[in-house]
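In case you want the letters, here they are:
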Amino acid sequence: MRYDLEIIAAWVKPGSRVLDLGCGSGELLDYLKKQKQVRGSGIESSEAQVAECIEKGVQVLQGDINEEIRDYPDQSFDYVILSQTLQQVYQPQELIRELLRVGKQVIVSFPNFSHWSIRLQLLVNGYAPKNRQLPYDWYDTPNIRVITLADFRHFASRFGCRIDREAAVKSPKGEEAGRMVRFLPNLRATYGIFLISRR
Amino acid sequence: MSEYIEHGRQGRSVGLTEKLFYTFAEPPGQLILESTARLGPITLAYEMVGEINSAGDNVILVCHALTGDSHMAGCYHHDDPRPGWWDSMIGPGKGIDTDRYCVICANILGGCMGSTGPSSINPATGKPYGLAFPVVTIGDMVKAQRALLDHLGVRSLLAVIGGSLGGMQALEWSVRYPELVRSCVALATTSHHSALAIAFNEIGRQAVMSDPNFNKGDYYSGPRPDLGLALARMIGHVTYLSDEAMRQKFGRRLQDRQDFSFNFDADFQVESYLRYQGSKFVQRFDANSYLYITKAADYYDLRQQHGHGSELEGFAGAKAKYLVVSFTSDWLYPTYQSRGLVKALKKNGLDVSFCEIEAQCGHDAFLLPNPRLSGLIGGFLARVSEEG
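Protein sequences appear in the order of chains A and B.
Numbering-wise (the numbering used here), the first sequence opens with residue 18 and increments by one.
Numbering-wise (the numbering used here), the second sequence opens with residue 105 and increments by one.
Just so you know, these hints were derived from the structure itself, not from any lab.
The structure displayed is predicted, hence computed values, not measured ones.
Check the hints yourself; a few may be wrong.
[Stated by the list, open to error] Heads up, simulated DMTMM-like pairs for lysine to aspartate or glutamate below, C-alpha to C-alpha not over 20 Å straight-line:
1. K447(B) - D88(A)
2. K384(B) - E115(A)
3. K53(A) - E138(B)
4. K51(A) - E491(B)
5. K447(B) - D405(B)
6. K447(B) - E23(A)
7. K423(B) - E23(A)
8. K51(A) - D455(B)
9. K50(A) - E490(B)
10. K51(A) - E84(A)
11. K50(A) - E491(B)
12. K451(B) - E115(A)
13. K53(A) - E460(B)
14. K53(A) - E490(B)
15. K447(B) - D154(A)
16. K399(B) - E122(B)
17. K73(A) - D455(B)
18. K50(A) - D455(B)
19. K451(B) - D91(A)
20. K353(B) - E375(B)
21. K447(B) - D81(A)
22. K51(A) - E490(B)
23. K73(A) - E491(B)
24. K231(B) - D91(A)
25. K73(A) - E460(B)
26. K451(B) - D405(B)
27. K73(A) - E138(B)
28. K447(B) - D91(A)
29. K451(B) - E23(A)
30. K451(B) - E44(A)
31. K451(B) - E84(A)
This is chain B alone, in the form it adopts within the complex (with noise of 0.2 Å):
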């Protein structure tokens, strides 16, 4: 996903909001990881905002993307210029209101936001994991966030929202404790990569590790992998944008200049927007964390892991109420991908809704302030709340 959207109208803000955390699975109570690794200590990064009603029947668990983190909604402080990643949604009288609600979103497990992840400490070497550090899925990551609500005393959950990576996790949850997930939102996401989004993960993951200063991720002594991150960074960008997101937004344009360099400088306000793009990335994200994160996403395929390879058996057990909804532009996660969801949500009785949203701007069309798709959610979850 894009960097971090403006304020939407709609709505106020939630105000002040503050990164807490939580650690577990201390040794020898370590974690059990899908690849049956063992992973402990775990701290989960998080924010919560709202409050829990007296029933515990208004908590909802929003899941971030590949590069998001923590830090839904609001600010840290009165002069931080930027709010949270999803502060058009989260706030009172927003899509997901915090007057009725408690949203609660973690930091993913293997993340660089203040959960563990391959640049955390190892504590067997006093050192960062790096490669030393397991593989983690998406599986892995909804375990993590369950212990996190364990801890915090949330018995269920009036719905998990995701869109892109985050998605794949509330589907994810609503699978592997359906007794917990009273609905599920799953915007522009997929029960399984396609074979062009693993592709373009897989030139991301080459990127960095091509990257001299990669040095097999044993790099946090020395110069990072700044390059082959920014690269990454340049192709995954391409990939939530759109045709025409790009003719509109840049066109043929030239950037600060009336006429070819006739060199490899950035001629094209694209490239220049690219570059940019990059060289703000790296500021903020750990390139290892990137490599498996996109692995997780590349393994994740819900029909394996809970259907035997169907999509119709992978949530027969589900008892969520489901809101799926697809953008028009997206080709990571194109709609066909969604109505294969609906259509195996469907025959399995369930209540599903669905809806596909003309929108430019391609995959990142989730995260951006659109009136439309507030208006959804907050509908969809005004119903699961009455109907209870």
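Chain A with its partners taken away, still in its complex shape (with noise of 0.2 Å):
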């Protein structure tokens, strides 16, 4: 399992109930179902991924996230995900508010882009910075937002959140593995989770 998937499992309480935006083929719900009977769901556009989901046996719907969010009831989750997705979402502020309508609590996950070497292309080629988390070029890139964690606990202050826990990460050979960063996150994690709640 993905790393960032890893410490994002770590956080779930067992038996909770979770909604998992941008499932994929439901790693994450398999995982959390499995070894920790959480009652899970996930949203999921790709047909193929839904179908993967459903043949495994975690309970998903095809959909935008956008769309399918606002049909839950208050406070429906205890934990409402949204890991590596952020970045591509048009109206991230209007989407953070309704997860935490649904959820107790939402754990937000995206890659940084304050960290060191994306800084470094910048300020040395001046062009639009590339890494492994971050690997597309602009013209095709589905991440339209440039997010960094100072920007997010910014963000989290600005509109009312409590940052109950955050994590910043470091995953230089790739997403299966990775450490924690304790000195100088904003610089040195190449991703961030966070988990949050309503103040």
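If you follow the hints, you should be able to join the two separate chains into one complex; please do so.
Right, dumping it as structure tokens:
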């Protein structure tokens, strides 16, 4: 499992209700169900991945996360997870407000745009930076948002969210492995994970 | 739905199956229909494959579509060229695995494949009912199926599964008998017919009723309204396909000729195909049943019946887990209708999964061998089975 998903899984309390937005082929939900007796649901736009979810016994809806999230009653989940997707969202503020309506707590992860390699590329080359977490060119990237760990903390305090927990993670050798970054996280972490709730 | 489909490659055949019968609602204990009419005795033809386990928690009810029957899988005899209508889905190792589940399918009330319908003998007259047969609804069909399951000692259903008109029955089961239904698989279906679907059904019914042989439905002792029924079938068949499917299958190709005939013979392949489908259909289907069943489909509105007009309220009492599947090129029951269903289920806090399968073949896609659909259903059933 992806290292960031392992951290997220560790944060989720056993037996809770979880909604995973952009759940892919249901890896995290399957793990949470088997290891933590979680009652999970997913939303995914790709038909092939939706099919994989259902085949492995994960409850999932095919659809757009911005649309599908609206139908859930208030506070119907203990956790709503948005992993590695925030940087692709057109209206992040609105979406996060919806996530906090539907979930008691929200877990968000995203690539950290202030990693030193990205800063250096922009400084030295002058081109839009690329790295393992953000491998696309400016013209074909799905990542339309540029977010840093500092940005997200700022966002949280400005829009009335409480950060209950956070992890800065460095995964130099691909997504399966990684480690926590404690020293200069905004400079050294490749992505961040935040557990937030309404203040 | 179209003619029977060939064997899928996945899994094995269930082998030989047989048509069984159950008769109930003998007078004076007739079944009271939604229209308040009383009907009895009622016979249902059904098929049953796989074994009920000791806990009795592995029974699946399959509901067939407009022109299907109880013969869902396997063959009636060894040199039977045509297996049951959903043989690609039902069998050992298939999507609905008969090594794990006991699967039952009954011909619907009002049908003509062994269950009581307008072509059955009216005990009051000793002659076929014809149009004296009372109008039946999806709810009545489900009530009759319930009587059969009670007779078979089935007290809980692992799943009710159906596509199209069968999907309506499955949805109806889940709201009418929520205590009995642990899951519901609704394929290419809707909680209520659109004006488009009603319109095509009405054109089909008019075709039947305007046949000179129709004789107000009393045609059983003379020539039958075959032309009208064949025409109804041709119209229906077009609605089960899609623009793309027809373009690929026929295009503008001509049938057995190089040039136009300059008369009204079947020049195009698509004309020839539809004529063939029509003529084949009248050999196995009763025109009155076509009228009654299409009417039942048009009348069906789960929202009115169970939710005072609201889809949300309609599912308020439901308890089942749902799997809803639509197909991209289905213009008879388009995806937006499935999404409406899913929204109502979701807002009720029910466990629902939804997948829109990319398919070119239109509404018929749910019947065609499709590994993705088999995988979805297999995975869903395994989960429901495990979660208890």
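20 Å Cα cutoff - pair K447(B), D91(A):
holds (15 Å)
Do the alpha carbons of K51(A) and E490(B) lie within 20 Å of each other, as the hint requires?
Since the Cα atoms of K51(A) and E490(B) sit roughly 12 Å apart, the hinted pair holds (cutoff 20 Å).
Starting from K50(A), check that the Cα of E491(B) is at most 20 Å away, please.
holds (11 Å)
Given the hint that K51(A) pairs with D455(B), test it: the Cα-Cα distance must not exceed 20 Å.
holds (18 Å)
Are the Cα positions of K53(A) and E460(B) separated by 20 Å at most?
The given pair, whose Cα atoms are some 30 Å apart, is violated under the 20 Å limit.
Please verify whether K50(A) and D455(B) have alpha carbons no more than 20 Å apart.
holds (14 Å)
Is the straight-line distance between the alpha-carbon of K423(B) and that of E23(A) 20 Å or less?
At roughly 33 Å apart (the allowed maximum being 20 Å), E23(A) and K423(B) break the hint.
Checking one constraint from the list: CA of K447(B) to CA of D81(A), max 20 Å. Satisfied?
holds (13 Å)
Holds or violated: K51(A) with E491(B), Cα cutoff 20 Å?
holds (12 Å)
Given hint E491(B) paired with K73(A) - CA-CA distance at most 20 Å
Roughly 13 Å separates the two Cα atoms, so the pair holds.
If you draw a straight line from the CA of K384(B) to the CA of E115(A), is it 20 Å or shorter?
Distance ~55 Å between K384(B) and E115(A) Cα, so the pair is violated.
Is the straight-line distance between the alpha-carbon of K53(A) and that of E490(B) 20 Å or less?
holds (16 Å)
In summary, the structure is inconsistent with hints 2, 3, 6, 7, 10, 13, 15, 16, 24, 27, 29 and 30 from the numbered list given earlier, while agreeing with the others.
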